[in-house]
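Novice: Sequences are here, hints too, so could you generate the full structure?
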Amino acid sequence: MQSSLEHDALSLHFVMAYPNLQGIHLKDAALPVYSKEASEASAASRQKFLSVLSFLDSKKLNEEERYTYDLLCDRLALDLEESDFSYYEEPLSPTSGMQSELLLLFAEYPFYTADDVETYLSLLQSVPDYVQGLLSYESEKSAAGLFMEKEDAKKSAQQCREILTKEALSSGTHFLQTTFSSRLASLLQKGLLTAKQQSQYEAQNQSLLSKSVLPAWQSLADGLEQLSDTGRTRGGLSQKPDGRQYYAWLVKESTGSSLSMDQLYLLLQKQFQKTYKEMKQTLTTYQELTGGTPDLAPVNDGFPLSDPTAILEDLQNRMQQDFPALADLTAQTVQCDIQDVDAGLEAYSSPAFYMIPPIDALMQNTIRINRSSTADGIELYTTLAHEGYPGHLYQTVYSSLVCDTQTLPIRKLFSYGGYVEGWAYYTERISYEYAAQVLAEAEGSLGSSYPTALLCTLLAQQRDLQINLFCLLDLSLHYYGAEESELLRSLESFGLSEEQSERVYDYLRTAPAVYLKYYVGYLEMNALKKRAELQWSDNFSLLRFHRFVLEAGPSDFENLTKRLKQTAAKTG
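Quick note on the working numbering: the sequence shown kicks off at 1 and runs consecutively.
Worth flagging that the hints you see were computed from the coordinates, not collected in a lab.
All clues given are correct.
Once the Cα atoms are required to be at most 25 Å apart in a straight line, the calculated DSS-like pairs of lysine-lysine come out as:
(1) 48 - 36
(2) 59 - 562
(3) 60 - 562
(4) 565 - 530
(5) 274 - 529
(6) 565 - 59
(7) 211 - 196
(8) 530 - 252
(9) 565 - 412
(10) 412 - 252
(11) 530 - 274
(12) 48 - 412
(13) 48 - 59
(14) 562 - 252
(15) 565 - 60
(16) 252 - 565
(17) 565 - 529
(18) 530 - 562
(19) 252 - 270
(20) 48 - 252
(21) 211 - 166
(22) 277 - 529
The model shown is predicted, which means the values in this text are computed figures rather than measured ones.
Specialist: This is the structure:
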């Protein structure tokens, strides 16, 4: 764990607020720079580590050590498979490439001490080398015949030119200036910085942005444009040599599911049909009850909660019966800084996002809301359930606290998107039931609230169908080789406009497997719950199931299922 972080100052800071106290010292406060040799050396290192692990007798390990051992071996083996697809990853995708993501990370880089400011400025200084590494990778992709489509390259280049401009820096209004000043002001207020230091840092930041970062981003744009004509394929990954094999690996890595592509497609189809049938029944029930067609205004415009802090408090109260309390693990109070995304970041940010806190500052959590794409009402309520309680924030803090006392520290370096996003979407679905309760209490009687509860159910079903459809189309495009026209027809038949359909198609094309991470993770979570119901029988409860998932911590679903069977064997 220590060696993997000492050479990556950016990642280290988001993992640990005070690494020196843990005996971890930075070798170099610079961004990691790509090179083919370093990539090959990393793969060789993983292979060597896996070989060493193979000589261990796992039977001599205790239960938690053996679970960590199984996860580590499986994870390393899966990571090693990626080396067969050296140039399929796209770090500069127009959907969510590093041309915007790195600047977003800089904007959210927390300052705990004045030393953090020094490290941050060193990272800015290393940006030109980092960009040169990206361009080297893209040049190698081009030589391998795997460069992105021409229009994608042009879009990414345009983003480079738009997200950081000389005009914005000259006016002092760029988000890397305003957020930097805000973080310095917080240190000054806490007495961790002098006014003179603040002024000096402001000047250094301005100089580095103008003389290092801006020229680097301009060179990145130029490099992408120069390579733009070298893309040889259009459409999904299925059109690239070995693209279907890479996509199958990517889906497994992203979702944590061991199902084959054909099994996943069949599972999604069956779930789509099931949800569609349920939605038709909800509509029929509503019409029989009210004599009219659904009007969603009461659950959107008339939702009684709008303040994010009040929403998180409400969610915490409603989840108590079915989710274990954080207070069972710690006496500390979990803090959450909820703010709107800076206006300059809205075009590049998700509708909302949760920043995972450093492991040594676990109680200091952050949620950002993009007001340009997240509406008030039930949408904000369910979004905060996904990002906060009982979603990402709650799961992260709970599982991390368990890890501190029961599991090995190396588990904190494992990444399992299907578990994390599957849990968040699973809890988001539950929050529609909570939203119905909020509306029922506001209306004051069960009789008048029943139609409103049906509307909440209808909204959840509509969202479910949409995400399911996107997953089916993702598989169709990247694995089965569907044409653009086929996907656009499917989207338009679902009710999307021509413009919306084209936008969704472009997202699916440039961000393969992203929707599957959420939805397949959710379906696997539901399947795990059904297994628990069968195995635990009368001893099953949502509280027990949720505690099991949280205490197991982020994992792939095959190992989670094995752990569930072992639990059933021990406790009946």
